[in-house]
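> Chain by chain, the residues run as shown.
2 protein chains.
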Amino acid sequence: MLRAGVKRVLAYKPNSNTYKALSKCYSTERNIAAKSSSKIVSSNPQLLFPCLDKLEKKNEQLSCSTPSSNNENINTLETGPEPSYSFVQTGFKIFHSKQPIHLDHGGVLPEYEIAYETWGQLNSKRDNLILIHTGLSASSHAKSQPNNTKNGWWEGFIGPGKYLDTNKYFIVCTNVLGGCYGSTGPSSKDPADGKPYATRFPIITVNDMVRAQRELIKNCFNVSKVWATVGASMGGMQSLAYAWEFPDEVEKVVSISGCSRSHPYSIALRHCQRQVLMSDPNWNRGFYYGKVPPHVGMKLAREIATVTYRSGPEWEYRFGRNRADSSRPPALCPDFLVETYLDHAGEKFCLEYDANSLLYVSKAMDLFDLGEQNRARAAHTRASTTTRSETVPPIPYEEKSNSDTLSAEESLNDLRRGMSRIAHKDILVVGVESDILFPVWQQREIADVLKDANKGGDIRYFELGNDVSNYGHDTFLLSLDHIGVPIKDFLEGNSGVKS
Amino acid sequence: MLRAGVKRVLAYKPNSNTYKALSKCYSTERNIAAKSSSKIVSSNPQLLFPCLDKLEKKNEQLSCSTPSSNNENINTLETGPEPSYSFVQTGFKIFHSKQPIHLDHGGVLPEYEIAYETWGQLNSKRDNLILIHTGLSASSHAKSQPNNTKNGWWEGFIGPGKYLDTNKYFIVCTNVLGGCYGSTGPSSKDPADGKPYATRFPIITVNDMVRAQRELIKNCFNVSKVWATVGASMGGMQSLAYAWEFPDEVEKVVSISGCSRSHPYSIALRHCQRQVLMSDPNWNRGFYYGKVPPHVGMKLAREIATVTYRSGPEWEYRFGRNRADSSRPPALCPDFLVETYLDHAGEKFCLEYDANSLLYVSKAMDLFDLGEQNRARAAHTRASTTTRSETVPPIPYEEKSNSDTLSAEESLNDLRRGMSRIAHKDILVVGVESDILFPVWQQREIADVLKDANKGGDIRYFELGNDVSNYGHDTFLLSLDHIGVPIKDFLEGNSGVKS
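For the record, the sequence lines run as chains A and B. The opening residue of the first sequence carries number 1 in my numbering; numbering runs sequentially from there. The opening residue of the second sequence carries number 500 in my numbering; numbering runs sequentially from there.
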């Protein structure tokens, strides 16, 4: 997205020390562009673009950095008042599977690793394990622990006497397959040639993720049945998927701000993020390792995502129409306070997470569907040994042109059949009214299809109204007390939950 | 966003006719990228990216095109089932002002043109003129007319006996100041040097737009008071702004799916579009005229916009989880039907509208605020002759750090004071429950502050529930009968409007 000339060595002023020091990587294109209009007569002054200057400077700095010095850039990024959901990861353990995992859409990982962290103690009966699942971009570091004392993304939620009580439960959290915080993903080396998979990484699904997690649970902890599987957002998908894949190996399921199948609006929002990222020339079709990463595309993708994570009313109260500096004239670069907030959120994330992981994990979310047809097709594909031809549909846009498209009603019936597989389980579904990424009707849908199946499971639905939380999709990270009470009651078997 | 090497002439196979014919503009970088992984051993096949191939090919074609042949590219773009809201414009008339217009934020246009079209006849009393206002990207072509027989964007809404009845009213529609369909905008030549303004164009506001329209109304039609000012989306802003600027020159006001001040969520959504567009290297800080335009950035910006124009429930019914071709494996390029729809919407728009116009007009929407403080500041700036220094806030993100930030309550009170200026007028506000870009609470806000002022105006509020329209923000283009009835009643003085 920046001018691509940043790697070119261009002439520099021999007398300028500043230029000299940075000359190796400085492009003069920016200066040329500025000069092109500075000398000519103009009815109004040329607008300035400090936001682009900043991105170009960053690009130049990254061009000069060796891979090892990139970490310094990460640490010197601006920080702000937002709760950080992802971390430069350390202190996790690794489960290494020498067995291959065959994937829902025909791919294979000949071997793989899953990063994980734990809190609390596994009891002697091995029946107190709670597996918590992360959202898209989070690591296994849900809470501080001796090997990584930084606060985790659910720091206040987990601990002795807390909503996930480490006095009672043994808590395990993994980095998902496809991620970049220790588990095998696109940035990992393909054992076939020792080079990063990049976009040779196979398409994965949420169900693939939980099947990898289950190998960890069995092999590292020798646990045959987990007490609960708990997660929010994509973690809410994983919670349901784990029960779906292994209904006899889960006692209770908690799915927060998730869904039982991704809906087109959520797919559309993730589509925009992927397309923006893939359009960054530095993305280079996924082969950017050892080069300048697509930090601009990542920043923009994160800005779009951030819009979907919160709610309008929160920003109304928090930012209103206030500008970052109302004494200055308006600008096309970030100007209103809400813009500088988004800019900051994007900037903070753009080097923290691997771009290819974002693409693959985001795609896995789109593909999530516990309907009968989708899961049957996946099982069939995994079982077959057919070599996959990984191409995309070249056909032009045509509405409902396929013979096997489903109407809304057919699709819902398909979901009912698929979900009946877990309708005998105890399942708590939590929804947040102010969530626009996973609107509450999607959580209601989970609860409704489970209840309608009438198979004896304790199906509970708990909704946080706009009067309780206006944090939107991020509520599970911010309104711990509001989501914690019904979850603790459900997990610990108390009655009287308002549902 | 594409590799920037497309203009380079690279070596080609001398024996290949295909290569030979296209060699002038073909980059081999794509082939290099593909080859880099095709020969090595890999656990899974490399993903393909036909969507990027297509963009690169388009870039190459545009590099080869002369400006005049660009029009052919526009005409050969795919077409689809969507109602087109913008057109390659022809058949409009021009109002040319030799007088300068001084702008709200200190800029000036030494002279300017406003493109307009009309339908119906101005009566002898000159009191039947209805001025309709466009949304962000529309032209003056609201309806077919002898000089342009193509359907307009409100074709079914305007005509003899229709909701805007040309038997009774003389309808005028303009292309907004800052646009690219005949009115003066960033693509126009700066009289100071005869070169396109580009980003030397001054920041404009919605109030600036209507002050330019008023010169047209006075000078071309000698009308001292318009019967009504009618518009949706940004047009709904203009409707209110026209009355605000000239309260004695408007009889009735209709504002559909608009607001009285832009709220942070809408600003955030437009911010993302602008940043994505400005990150396209072809944008070149606005100086792309005569070069390859930033078609990729425009496409992506339009895709994001399209997500905000419709509603989740509509897509649920229309696309569901259907894929464009379910026989193929999933892909990171457009794959689900909703993705191919967005891709198509972006593709259709990316060469139809000027990128700089999108930035400036989108920014004008952000700046819209009929609160007292904002309008007083604008009036002061216009009146002063101070030379503006066009810079953006370089300060880092900091929440509510300014001394003159307003709390939500202060801001609402400021709006009440500002809006009291038009509260004696007859004003119809229309909102659509499924709109996420301009949520109904923003239309309710308009009606509430006007009613609360209690100044004798006939203030009506009409809301279309989800049971009536799930077209979201686009409802005004698609549910003509639902929005038409209350508007016709209001304009023609009938009673009994459900409000």
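Read the hints as simulated data drawn from the structure, not as lab findings. The model shown is predicted, which means the values in this text are computed figures rather than measured ones. Honestly, I wouldn't trust all of these hints.
Below are the DSS-like pairs computed for lysine-lysine, each with C-alpha atoms no more than 30 Å apart in a straight line [to be verified]:
hint: 1; chain 1: B; residue 1: Lys790; chain 2: A; residue 2: Lys291
hint: 2; chain 1: B; residue 1: Lys790; chain 2: A; residue 2: Lys57
hint: 3; chain 1: B; residue 1: Lys717; chain 2: B; residue 2: Lys987
hint: 4; chain 1: B; residue 1: Lys661; chain 2: B; residue 2: Lys597
hint: 5; chain 1: B; residue 1: Lys694; chain 2: A; residue 2: Lys54
hint: 6; chain 1: A; residue 1: Lys54; chain 2: B; residue 2: Lys790
> Hints the structure violates: just list their numbers, smallest first.
4
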